[in-house]
Amino acid sequence: MIRYAKPRDVDEALALLGEARWKILAGGTDFYPALGNRPLSENVLDINALDALRGISETETHLVIGARTTWTDIAKHELPPAFDMLKQAAREIGSPQIQNVATISGNLCNASPAADGVPPLMALDVEVELRSLAGSRVLRLSDFILGNRRIACRPDEMVTAVLVPKASLRGTSSFRKLGARRYLVISIAMAAARMVTDAQGKIETAAIAVGACSAVARRLSNLESSLIGLRSAAEIEHAVMAASLDELSPIDDVRGTATYRHAAAREIVARAILGALGLSEAEAAA
Amino acid sequence: MNVHGHAITFEVNGAPATVSVHPVTRLSSVLRDELRLTGTKVGCDAGDCGACTVLLDGEPACACLLPVASIEGRSVQTVEGLANGRLSALQASFLEHGAAQCGICTPGLLVTATALLERCPRPSEAEVKDALGGVLCRCTGYRKIITAVAEAWKHDGDLASKLPETGKAVGASPVRLDGVPKVTGEEKFGADSFPVDALSVLVLRSPHHRARFSFGDVEEWRRGNPGVVAVFTAADIPGRNRFGAIPSFADQPALAEGMVRFRGEAVALIAAERIAVPTLDMATFPVTWTEQPHALLPREAQGPDAVLLHAHRPGNLLASGIVEHGDADRALRDAAHVVSGAFETSCVEHAYIEPEAGFARMDGDTLVVSACTQAPHMDREDTALVLGLPLEKVRIVPTATGGGFGSKIDVSLQPLIGLVALKTGRPAALAYTRMESMTSTTKRHPAAMQATIGADVDGSIVGMVFDGEFNTGPYASFGPTVANRVPVHASGPYRTPNYSAKGRAIHTNGPNGGAFRGFGVPQATIMQETLYDELAAKLGMDRLEFRLKNALRDGDATVTGQKLESGVGIVACLEALRPHWSRALADAEAFNAMHANFKRGIGVASCWYGCGNTSIANPSTIKAGITGDGHVVLHQGAVDIGQGANTVIAQIFADTLGVPLADISLVGADTAVTPDAGKTSASRQTYISGKAAEKAARALREQILRFANVSPGASLSFEAGAAVVREGEAARRIDLARLKANGEGYVFSARESYDPPTEALDEKGQGKPYAVYGYGAQIAELEVDRKLGTVKLIKITAAHDVGRAINPLLVEGQIEGGIAQGIGLALMEEYITGRTENLHDYLIPTIGDVPEIESIIIEVPDPEGPFGAKGLGEHVLIPTAPAILNAIRHATGVLVTKVPATPTRVLEAVRAREAIR
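Protein sequence lines correspond, in order, to chains E and C. For the first sequence, position 206 (counting from the first letter as 1) is numbered 206 according to this note's numbering, and the numbering increases by one without interruption. For the second sequence, position 404 (counting from the first letter as 1) is numbered 404 according to this note's numbering, and the numbering increases by one without interruption.
Hints were generated in silico from the structure; no laboratory data involved. Cβ coordinates follow ideal geometry from the N, Cα and C atoms, glycine included. Any given hint could turn out to be false.
What the hints assert, rightly or not - Here are the simulated EDC-like cross-link-like pairs (lysine to aspartate or glutamate), alpha carbons at most 20 angstroms apart as the crow flies: (1) E/LYS23 <-> C/GLU59; (2) C/LYS792 <-> E/ASP252; (3) C/LYS787 <-> E/GLU157; (4) E/LYS76 <-> C/ASP197; (5) C/LYS898 <-> E/GLU237; (6) C/LYS423 <-> C/GLU127; (7) E/LYS76 <-> C/GLU59; (8) E/LYS76 <-> C/GLU783; (9) E/LYS87 <-> C/ASP458.
Claimed, not checked - Okay, the calculated bits of chain E under chain C, using three or more residues with CB under 8 angstroms as the criterion: (10) 26–37; (11) 125–132; (12) 138–149.
Claimed, not checked - Far from chain C, by Cβ distances over 12 angstroms, these chain E residues were calculated: (13) GLU19; (14) LEU40; (15) ASP46; (16) ASN48; (17) THR72; (18) PRO96; (19) GLY135; (20) ALA167; (21) THR205; (22) HIS238; (23) ASP252; (24) ASP253; (25) THR259; (26) ALA264.
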């Protein structure tokens, strides 16, 4: 007999996770498309009554985004400019209909290479909080998403929060999504950039991530370090064009070729960086 | 917890509701199946189309993705809750602006826009787009939706007394006569009126492109699955297990017989009680597949080792067409300038938002099928043949149809649900899943084309050679039509004195090619119009002037040798574009002088298209009557799939009869009561059924006036139980109630047919294939991002000659909707079997992808059409893709030679050119 449970609090949910295998149902925007018109074949743990997991709060060290926080919640929440990229991504995930119910942890747990939420969260250096009856643990996002549709969540665990270190609240940010149509589109590639500059406007810290160009979105650490100390749009564009981008390993699919993705990723990375810095592209008549 | 009987209480449209269902049941199912609120539509069950949007505590959400458990204690608003005694301002605005065509996406749009207007009563265009980006519409091209939402604040919700007066219907744009139910959620589409006791029908389909199959112990499986009432296979089909839109080519089994020829082909039917379906696992059905070698491309299907799809069609050649006029080879040899090229197009899915749906039931010994369709009488013939029933024992009662565009001409589920109803005696209902709809029904033929066109030193076209190979998939459907229509049209509306064109439809195991708005002509026009730009460049001529110089004029002969005496409107269309062309070129030049990475381009392309079947009889019959109590009843059999036939045919009829449009009562295309007005296809309804309606109205009018013994100029009106005839000062009242009524209750009635006067094409394709042609030309303005290969459309200006715009608002609706589909063809649509069988991998334009459209309606009357009218439905998408490709080349210097021109293809082309430089 397939079970259904809708626990009232997190402890009850954890107890259930400890006694059987469950498929967790939150926003449902990935759950139902994956189910299609087949009958349920797994126990369903409906976490939609866990009010404690929804919303954004603050601790000494972190900003805490509850696992059930929706993309609309994030887009509407007042947050520092370092989060602009996350808010821009929040408005590009599916449609408003999706954003109103889809959750931040769902986007992570679904582990699609094209998850729009992942690059900005990577550029915020977030950590994922997991809880089980055995206790809780915190993983870096890159240690949580292991591959295409693979995550480091044990069957007895659930994601309870996404933790943003206070250090990541610095800087300004921007997100660029590339799709084959304007709305409701799976990304061909996307880039998120968070830039911290010094008093002279020189880049002090760069956090740049690219999605849909590898099994899991990747930070571009080589490029990040090569940007340190740069200031002008021309310098930055030069650094992006010179970067190897060998962190990326795009594939051919119906949305674009690997060659295209490589070229396009470079371009949207440049645009995201310039966008984060409020610089316009060096545009000259040909 | 007993999850099956769990009571969940919430509020729907202000009233409390309690349902007892599994908590994970989708809210869309609960609304539709439990509460019978069928205004909320299911288009994809995956959040990809937004048709099921409801407001949950005031915010839009897809009901197909909401577990009903999440609704406990909350408030849901559906389309049925928008009107409060009278239409909301938004609903009225939708009708006023023609924002609802077929109406299937309308509830989702209205609900979503209602939430927007709640927080932002006077939204900008950008705000409307951002809010509605998650709802797909396939008919309208979105522009009228944007206007209807942005200007809803101006509306008072009052639509009364806005119908035109006597004699003023033609040329007016009244609110569509079938419009109100489309905005209230009351309209019943294929899946909206299933009988509560109907068996649910599930279809087992092939997962393979080609395979043999055999069944295991089906009876044991049935017994092991409580609620499964019966299983049917090809062995149960009582009639001829072959259907096809063209009877002489009928080759498609309703249920495959031991061998499947494409992925998605039906092999068995499972009839089950509705309550058993959610837990029924079709994956356990005892079928064994043995995959066989397959060919998805014509190249593979014509190779030396290729297996024949049908033994009697050597070379897998389904059909070929040819048109030869003059001596094309010689003309090209002698031409001053010659250009050649090759072009490929992709498989395109119709992607109407309503998947095929309907139900069948027995009425005595008559099988009644209520389903969405474009061709009820063809459904009747094919269903009767497959089920071995006499024609009169099958009745088709069409439901509203949520988009068709060609694919709902062929039967889909009609024989399947018919078989279940016939065999079980119970009503049988089926709504295709999105994947089922996409895999099993027809597509636009992928084309591989080559052409050469030559001109003399002055820029006059001297000759053209065209060859087009069309991937027609496993079964005939309309493949022969494509093969024949293309050679007739591949010249475009231009004087081409020497011409040789061939079209071939080749069988493969790919998706089934069929009818799709234009029957291959949109593909062929890309080939011809992109070469025209090259030729103009060689000649150093302006691209628009080059087209004008060669455009057909009254008195010219077409490539089939047909002399067009009058009504040729292409010159008027191109001339109307002149000021827009020079303005657009200047704008682009100014922009390009300032930008390097973003380049603007302008393109133009034309179309012509023959209305009705190619040299084959396709009559329409229209019946009308006057009842004893003075009602005017029009049996309007031209199926309205959103394009507006219910309104247009009534407008023609009303003005000819000489009564106000408001007096006309419509009876739909029920085959038991309404004569055959032919299929809604080939841009034929306004012209052919309109002409039949004109004839019927005239006959009815003559009867009444003759009865009253007055002259033909007398005026006619109806009141309760009477007809009043006035001539000069004199008035005569005919007491209708005292006249003897016929079996249908009519005291006067008329039934008239019209068939276009065409002539057969000879072995060289010479003759008069169509009696009426429509013409058009469009300009595309766009911006290419040279670094990303993305294309942003800025504006489309479209001039279309419709002869006479019976209803200008509906004309604009066709233009805008056709352009949106042309945009999809040009930039994003590519159906790949096994990979894009849903609406998130298969992309159609959203509200953000259709730019401003300026429609210019040209009226060059046709001597044959009713009130001078010509067809329009297919013409409108033909010029869009070539105009876009020509604009991309203008912007970048390169022609993309395969559509869709995705960012990958555009960037590849741009970089290849940069590498050469």
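**Prompt:** Would the pair C/LYS787 and E/GLU157 pass a check requiring their Cα atoms to be no farther apart than 20 angstroms?
**Reply:** It is violated: about 44 angstroms lies between the C-alpha atoms, which goes past 20 angstroms.
**Message:** Does E/THR259 clear chain C by more than 12 angstroms, comparing its Cβ with all Cβ atoms of that chain?
**Reply:** Its Cβ does come within 12 angstroms of chain C, the nearest being 8 angstroms, so this is violated.
**Item:** 8 angstroms C-beta test of the segment 138–149 of chain E against chain C, three or more residues
**Value:** Coverage by chain C is violated for the segment 138–149 of chain E (0 residues, Cβ < 8 angstroms).
**Request:** Take the segment 125–132 of chain E, compare each residue's beta carbon with every beta carbon of chain C, and decide whether three or more fall closer than 8 angstroms.
**Result:** With 0 residues closer than 8 angstroms to chain C, the segment 125–132 of chain E misses the three-residue bar; violated.
**Request:** Say whether it holds or is violated: E/GLU19 keeps its Cβ farther than 12 angstroms from all Cβ of chain C.
**Result:** holds (15 angstroms)
**Message:** Please verify whether E/LYS76 and C/GLU783 have alpha carbons no more than 20 angstroms apart.
**Reply:** Since the Cα atoms of E/LYS76 and C/GLU783 sit roughly 32 angstroms apart, the hinted pair is violated (cutoff 20 angstroms).
**Asked** For the pair supplied as a hint, E/LYS76 and C/ASP197, is the alpha-carbon distance within the 20 angstroms limit?
**Response** violated (47 angstroms)
**Request:** Just double-check E/HIS238 for me: nearest Cβ-Cβ distance to chain C has to come out over 12 angstroms.
**Result:** Nearest chain C Cβ is 15 angstroms from E/HIS238, so the label holds.
**Request:** Decide, holds or violated, for the assertion that all CB atoms of chain C are farther than 12 angstroms from the CB of E/PRO96.
**Result:** violated (6 angstroms)
**Request:** Sort out whether C/GLU127 lies within 20 angstroms of C/LYS423, counting only the CA atoms.
**Result:** Violated: C/LYS423 and C/GLU127 sit about 54 angstroms apart, past 20 angstroms.
**Prompt:** Can we trust that E/LEU40 is non-interface, i.e. its beta-carbon lies farther than 12 angstroms from all of chain C?
**Reply:** violated (6 angstroms)
**Prompt:** Since E/ALA264 was said not to touch the interface, does its Cβ keep a gap of more than 12 angstroms from each Cβ of chain C?
**Reply:** Violated, because the least Cβ-Cβ distance between E/ALA264 and chain C comes to about 5 angstroms, which does not exceed 12 angstroms.
Hints 1, 2, 3, 4, 5, 6, 8, 9, 11, 12, 14, 15, 16, 17, 18, 23, 24, 25 and 26 from the list above are not met by this structure, while the remaining hints are.
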